[in-house]
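Visitor: Those protein sequence lines, which keep their order, are chains A and U.
Residue numbers for the first sequence follow UniProt numbering, beginning at 1 and rising by one.
Residue numbers for the second sequence follow UniProt numbering, beginning at 1 and rising by one.
Treat the hints with caution; some may be incorrect.
Stated by the list, open to error - Derived lysine-lysine pairs resembling BS3-like cross-links, with alpha carbons at most 25 Å apart:
hint, chain 1, residue 1, chain 2, residue 2
1, A, K228, U, K272
2, U, K262, A, K229
3, A, K228, U, K150
4, U, K129, A, K228
5, U, K274, U, K150
6, U, K272, A, K251
7, U, K274, A, K228
8, A, K245, U, K129
Source of the hints: derived by calculation from the structure; they are not laboratory data.
For clarity, every value in this text was computed on a predicted model and none was experimentally measured.
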Amino acid sequence: MKILVCIKQVPDMESRFRPDASGVWYSEIDMAFRVNEYDEFAIEEAVRLKEKLGGEPELTVLSLGPDRVVEGIKKALAMGCDRGIHVQDSSSHLKDPWQVASAIAACARGENYDLIFTGLQSQDRGSAQVGVMLAELLDYPCATTAIGFECGQGTVTVKRELEGGLRAVVRLKTPALVTCQLGLNQPRYPTLPNIMKAKKKEIRAVPVSEMLHEEPRTVMAGFYSPPKKGSGIVLEGDVPDQVDKLIGILKDKTGLLR
Amino acid sequence: MKALLIAECRDGKFLDYSYELFGFAAQLGADTTMLLVGKEGELPECGGTVYLADAGRYGEQNPDLHKRLVLAAVERERPDYVVLMHSSYGWDLAPRVAAGLKVAQLSEVVSVADDGFELPCCSQKMRRKAKPVGSPVVLTLQLGAFPAVKPGGVPALQRIDAEGEGKLEFLGYEPPPPKGVDLGRAEVIVSAGRGIGKKENIEAIAALARALGGEVGASRPVVDSGWIEAGHQVGTTGQTVSPKLYVACGISGAIQHLAGMKKSGFIVAVNKDKEAPIGEVADVLVVADVMQFVPALTAKLAK
Ligand SMILES: Cc1cc2nc3c(=O)[nH]c(=O)nc-3n(C[C@H](O)[C@H](O)[C@H](O)COP(=O)(O)OP(=O)(O)OC[C@H]3O[C@@H](n4cnc5c(N)ncnc54)[C@H](O)[C@@H]3O)c2cc1C
Numbered sequence: 001m002k003i004l005v006c007i008k009q010v011p012d013m014e015s016r017f018r019p020d021a022s023g024v025w026y027s028e029i030d031m032a033f034r035v036n037e038y039d040e041f042a043i044e045e046a047v048r049l050k051e052k053l054g055g056e057p058e059l060t061v062l063s064l065g066p067d068r069v070v071e072g073i074k075k076a077l078a079m080g081c082d083r084g085i086h087v088q089d090s091s092s093h094l095k096d097p098w099q100v101a102s103a104i105a106a107c108a109r110g111e112n113y114d115l116i117f118t119g120l121q122s123q124d125r126g127s128a129q130v131g132v133m134l135a136e137l138l139d140y141p142c143a144t145t146a147i148g149f150e151c152g153q154g155t156v157t158v159k160r161e162l163e164g165g166l167r168a169v170v171r172l173k174t175p176a177l178v179t180c181q182l183g184l185n186q187p188r189y190p191t192l193p194n195i196m197k198a199k200k201k202e203i204r205a206v207p208v209s210e211m212l213h214e215e216p217r218t219v220m221a222g223f224y225s226p227p228k229k230g231s232g233i234v235l236e237g238d239v240p241d242q243v244d245k246l247i248g249i250l251k252d253k254t255g256l257l258r
Numbered sequence: 001m002k003a004l005l006i007a008e009c010r011d012g013k014f015l016d017y018s019y020e021l022f023g024f025a026a027q028l029g030a031d032t033t034m035l036l037v038g039k040e041g042e043l044p045e046c047g048g049t050v051y052l053a054d055a056g057r058y059g060e061q062n063p064d065l066h067k068r069l070v071l072a073a074v075e076r077e078r079p080d081y082v083v084l085m086h087s088s089y090g091w092d093l094a095p096r097v098a099a100g101l102k103v104a105q106l107s108e109v110v111s112v113a114d115d116g117f118e119l120p121c122c123s124q125k126m127r128r129k130a131k132p133v134g135s136p137v138v139l140t141l142q143l144g145a146f147p148a149v150k151p152g153g154v155p156a157l158q159r160i161d162a163e164g165e166g167k168l169e170f171l172g173y174e175p176p177p178p179k180g181v182d183l184g185r186a187e188v189i190v191s192a193g194r195g196i197g198k199k200e201n202i203e204a205i206a207a208l209a210r211a212l213g214g215e216v217g218a219s220r221p222v223v224d225s226g227w228i229e230a231g232h233q234v235g236t237t238g239q240t241v242s243p244k245l246y247v248a249c250g251i252s253g254a255i256q257h258l259a260g261m262k263k264s265g266f267i268v269a270v271n272k273d274k275e276a277p278i279g280e281v282a283d284v285l286v287v288a289d290v291m292q293f294v295p296a297l298t299a300k301l302a303k
């Protein structure tokens, strides 16, 4: 059995985002990058499946992006993936989901992966398209928003999360692709011995130009803060003072405090 | 200009948020037709053409077949836009349709700009503008971003069909997990977000809730990490609440959380990040470390 996990690196969401020189995306200056939260669930699910099947499946992790994404690949290797593919692209932030999916599909085609895991969406772009488009390009059945996953004989059963906490249970024949939602599992922290072991694992580098021959279908045209409509009071300063001010406001405005 | 609106049916019921599709089309000034995989007894209140595919035959959770139905409707209507909601149904189906048509998709549109569409990014902290290349364009709309418009009238039904089977087998729905606490009736809710840092800190949030005579709520990561039971979750996939006072502690204000609490009477947010999106709905934003501020507030209230 062969499994592929696709991951992306994203900035810490608590960062201050500022436009870069192009004005259509954020500046990476002073940004700390980490593995996209949704993708950590994807890695964890794949590693659990490998463990459950007695270590038999071969687990590949793939990330498309600039050199820094190798750090994300290394984390996935330390979590338990066997080998990595780095699709080198220093301008991945300007690629649209269709192009990213096409490049990954070019890598995956002919590899006969039985299962592909991706995150439901990335925290920075939030398009929720790459996984599904990849499945369409490979002609794999695909289930999104997985919060439950079970592997059977030539099938997988996925619990999809719908609105209001309702779930839909679907079965897919493998090969299949699953996009992972928060809460699917509890992603592990890599242990030191596993980080050491991961250093010996292979990471193959592939230039994106070899994989991508598609033009973008969307053009990025601007990046900015949302218009401020919040007319609320902002309390800054030292804590005792903030506490007093807030209690004053609550007494004034809510009638809950005497 | 023409828009094909893809409505939704769940468990046999027409979903009302599908009317937001009309609100969006009105802003574009587009003529509309609708496609629904649903039931004859559950139709939208609108004039014009509604393509109806029978949910009995095509299933409610069978995106491959639904994709082919959409492609068939596109073939007949030649729309400029194919529009879905950015819901579990929409984000699942839209990329399949875009891939099938070999066209652009823009996800979670929040507004129409002069020369493109505005989309949220960076966990809602920022916006970006994107322009599609080519036509038609597949769009998904953020829930609640456009007004629900009920055009009224009776639709002219047209049957639509697709060949073959889908690639997914739908085994059934499962109900949401039991609620546990009924946050719907609480006057005060103090909610913990990932910003509290660790499980042990829930106690400080609970202490503030007690001091204010309220209940404890939580954002999703707090539940997923096992810091508190699922029954406390507020949001799209948790409970919808509207207390007199909502105190959001270390919660960023993701759309899925806001959806569950933005109707609260008075909203206080405690966050160390002055730019956190929760500031958009908060009546008071306290820019502070939650684990310094919350115990100090609790202590002062106890006096
Ligand atoms: C389909 C779907 C459904 C979802 N349903 C829900 C739902 O029902 N409910 C829900 O809540 N989420 C839901 N989510 C998840 C949602 O998108 C967010 O990921 C989640 O709400 C974020 O929770 P948070 O604000 O606690 O954490 P984060 O987004 O990580 O934010 C933590 C915040 O704490 C602040 N902070 C950090 N440290 C401190 C400190 N020491 N002092 C003060 N502030 C600090 C940070 O500045 C940040 O703003 C759903 C997501 C999807 C895709």
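Visitor: Each hint needs a verdict: does it hold in this structure or not?
Guide: Going down the list of hints, with the structure as the test:
no. : hint            : verdict
1   : A/K228 / U/K272 : 18 Å, holds
2   : U/K262 / A/K229 : 14 Å, holds
3   : A/K228 / U/K150 : 29 Å, violated
4   : U/K129 / A/K228 : 17 Å, holds
5   : U/K274 / U/K150 : 38 Å, violated
6   : U/K272 / A/K251 : 24 Å, holds
7   : U/K274 / A/K228 : 12 Å, holds
8   : A/K245 / U/K129 : 39 Å, violated
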